[in-house]
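J.: Single-letter residue listing:
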Amino acid sequence: MVWLGPVAVLVSLLLLLRWGLTRDVQTLPSALVGKPAPQFNLATLYVPADSLALADLEGRVTLVNFWASWCIPCVHEHPVLTHVTETWGQDSVALVGILFQDSPENGKRFMEQYGGDWPLLTDNGSTTAISYGMYGVPETFFIGADGVVARRHAGAVTWDLVESTVDSLLRARRDLGSQ
Amino acid sequence: MTRRARSAQVLLTAGLLLAVAAPSPGAGAGAPAPQSVEGAFDAPAPADTAGSGALAGGAAAASALPEVKIQETAAQIGTRLRCPLCRNQSVTESPSRIARGMQAEIRQLLREGMTPDEVEAYFVDAYGPWILLNPPADGMGLVVYVVPPLIFLGGGLFLFLRLRAARSAA
Numbered sequence: 001m002v003w004l005g006p007v008a009v010l011v012s013l014l015l016l017l018r019w020g021l022t023r024d025v026q027t028l029p030s031a032l033v034g035k036p037a038p039q040f041n042l043a044t045l046y047v048p049a050d051s052l053a054l055a056d057l058e059g060r061v062t063l064v065n066f067w068a069s070w071c072i073p074c075v076h077e078h079p080v081l082t083h084v085t086e087t088w089g090q091d092s093v094a095l096v097g098i099l100f101q102d103s104p105e106n107g108k109r110f111m112e113q114y115g116g117d118w119p120l121l122t123d124n125g126s127t128t129a130i131s132y133g134m135y136g137v138p139e140t141f142f143i144g145a146d147g148v149v150a151r152r153h154a155g156a157v158t159w160d161l162v163e164s165t166v167d168s169l170l171r172a173r174r175d176l177g178s179q
Numbered sequence: 180m181t182r183r184a185r186s187a188q189v190l191l192t193a194g195l196l197l198a199v200a201a202p203s204p205g206a207g208a209g210a211p212a213p214q215s216v217e218g219a220f221d222a223p224a225p226a227d228t229a230g231s232g233a234l235a236g237g238a239a240a241a242s243a244l245p246e247v248k249i250q251e252t253a254a255q256i257g258t259r260l261r262c263p264l265c266r267n268q269s270v271t272e273s274p275s276r277i278a279r280g281m282q283a284e285i286r287q288l289l290r291e292g293m294t295p296d297e298v299e300a301y302f303v304d305a306y307g308p309w310i311l312l313n314p315p316a317d318g319m320g321l322v323v324y325v326v327p328p329l330i331f332l333g334g335g336l337f338l339f340l341r342l343r344a345a346r347s348a349a
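Respectively, the protein sequence lines represent chains A and B. Be aware that the first sequence starts at 1, since it is given in the working numbering, and climbs by one per residue. Be aware that the second sequence starts at 180, since it is given in the working numbering, and climbs by one per residue.
Source of the hints: derived by calculation from the structure; they are not laboratory data. Quick caveat: nothing in here was measured; it's all calculated off a predicted structure. Ideal Cβ placement from N, Cα and C applies to all residues, glycine included. There may be inaccurate statements among the hints.
Unchecked claim - Which stretches of chain A does chain B cover? Using the computed rule of at least three CB atoms under 8 Å from a CB of chain B, they are: (1) 5–11; (2) 30–42; (3) 115–128; (4) 132–145.
Full structure from sequences and hints, please.
T.: This is the structure in structure tokens:
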């Protein structure tokens, strides 16, 4: 019976370790959720002399998608992102892709291969990725019309997730507009 | 059970408890698994001249620190920050591109006049307290500091009681 105490402690610790090691990174909340989205002003992929700032998208529901040509889940989520631009106009839902640790040439080749037409930006030194607390691509941040991060999703997004999140943010945007 | 067998059993228990109680640097809350494989890209290395996302659009005071001190301080801060794509490896130790980017960002933030505490707070704001290799000694982080000594003391007490019982049985 005297063994029961240490065994209980050991089992508890092992269960704690198991829980810690099996947590899914996609379900870990971002420290940014509920906070104003970090501002950026980045060069565009196709015309580096041009730039786009998050402030330019103020008042819209914005999806900031970090991606790379070498990232396989980015290929999987690409049709979903394409569908975003087909479903909502850029004046209500803005999708912005930020190339993460990849060369502009590779990024352009990827877009030529898979198609899609939304603003694509480059992030020299990954400073914007770091300010968003990025772990790895793909990661998508859903930003409300009020400029606050509503959700972060690590890994390939699904249409159900995008649709439900964007719909709720659009409802919040309408409520914001009617106030 | 013989005296020798009982002593061996007690020592085995003590060893197990010590192994569990031994503190592990950086073994904080559950670390997320790396999301992607690095290395398959040929973008230029992060440049120190890159503008800081934290201070985009805002004027920043320039640091009075000499460059050599900035490099030294950045390396020290990097030892306290976790590389997001690695397992228990600091930003300073990791050769990964994201860690090199973070190191460049730390230097840039220091040049712009941030103190080391402000730089750490900047990364905590973006990643959460998980980014610190040594979790803060409050909230859930307190568990990391309190539980190992408690286990150690409990193990010692258990060992003492077992040895005393073994001695009186003999």
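J.: Let me make sure I understand: some of the numbered hints might not hold for this structure. Which ones are they, in numerical order?
T.: The structure breaks none of the hints.
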